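S.K.: Chains A and B are the protein sequences, given in the same order. Taking my numbering, the leading residue of the first sequence gets 1, the next gets one more, and so forth. Taking my numbering, the leading residue of the second sequence gets 1, the next gets one more, and so forth.
Think of the hints as simulated: they come from the structure by calculation, not from any bench. This structure is a prediction, so every number in the text was calculated from the model and none was measured. You may find that some hints are simply not true.
Note that the list lumps identical chains together, so a pair holds whenever it fits in one copy or between two copies.
Said to hold, decoys possible - Quick list of in silico lysine-lysine cross-link-like pairs, PhoX-like style, CA-CA up to 25 Å: (1) LYS163 with LYS65; (2) LYS151 with LYS129; (3) LYS47 with LYS163; (4) LYS129 with LYS171.
2 protein chains.
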Amino acid sequence: MTVSHVSSDITVPQPSQSVQLTGVCDIPSQSSGFRFNHTMLRIKDPKRSLEFYTGVLGMTLLCVKRFEQMSFDLYFLAKLSEAERQNLPEGDDLAIYTFRQRGILELTHNYGTEDDEGFSYHSGNSEPKGFGHICFCVPDLSAAVAWFDAKGVAFQKRPEEGKMNNIAFIKDPDGYWIEIVQADLMAD
Amino acid sequence: MTVSHVSSDITVPQPSQSVQLTGVCDIPSQSSGFRFNHTMLRIKDPKRSLEFYTGVLGMTLLCVKRFEQMSFDLYFLAKLSEAERQNLPEGDDLAIYTFRQRGILELTHNYGTEDDEGFSYHSGNSEPKGFGHICFCVPDLSAAVAWFDAKGVAFQKRPEEGKMNNIAFIKDPDGYWIEIVQADLMAD
């Protein structure tokens, strides 16, 4: 039978440095080449969101897909390194590149929400809860906080607030939480 | 004044291959080294989620942070390549590595939800909407669908359903949507 044939798992062990816990399985060969490509958030106003994600967080808009008959557009952004920016493919190759990367942010704009004064999206951090936040790591948390202050970014939690002084949370234009961490402060 | 000094932007232009639209800004030097590190989702039952994300999608559990006094744990996973698995750092270096990567998935478990039969999280795709989905790219969409069928994974949308036959949506154990795409089918 096809199903039992496909499910006769060929696995490779998890790396010895990784965490072994109840529930953790070996890696199925069928997942070879899978990649965690993107996270999608709905946004009210693309102009404001593009200003924030490019002009504050320094992302690059790689791809836009417009579905005018269904009244929505999709924006795909990445925070690229200088080397990546200098070697970006073009055209169709850029679209394929976009869907092969890790760490892509997809923003969905349903037409008209930007003109609806009372309209807002749900951040996931009040009831009903679910999604919590996205996170950017930064080389220097204090410098990043000064930069966000200079740009008038709203904070959900400044580093000095609460118990965890090595992390901050800012808010994007829709109120989604963005954690800010300095990786070398995150050892246990 | 500090604020105006910090905000005197030194920028680099967006790459010419990228999309220029109203709202897109040049890249501020202050964002140098920023990286889109992770996306956080709350989960009801860590055993079920770890089985799914490791045993079906082939991820690796890199780091667990336990906050017993606050009754929650955090699980950090990545879908690594074979070369990455063979070169993983250990211990504190692995925690720092985790917070420097792109494409990390953070799962938050608040104690007790796994034993609360009626408890569930909000996927973001019914009212109130916000977060939409995460996405994995795969080398072969048909083979991935056969694998998910063999593992009994629930589909939100099979490739042949709806208008877009080059994408599928599966559901994770909490009902969060996971888009599945084959990158080379995603050119415009």
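S.K.: A separate judgement is required for each hint: does it hold in the structure or not?
M.R.: How the hints compare with the structure:
1. In this homomeric assembly, LYS163 and LYS65 come within 25 Å of each other (Cα to Cα) only across copies, at 15 Å, whereas the closest approach inside a single copy is 42 Å.
2. In this homomeric assembly, LYS151 and LYS129 never come within 25 Å of each other (Cα to Cα): the closest approach is 29 Å inside a single copy and 28 Å across copies.
3. In this assembly of identical chains, the alpha carbons of LYS47 and LYS163 never lie at most 25 Å apart, being 35 Å within a copy and 28 Å across copies at closest.
4. Taking the shortest alpha-carbon separations for LYS129 and LYS171, both the intra-copy value of 17 Å and the inter-copy value of 17 Å come in at or below 25 Å.
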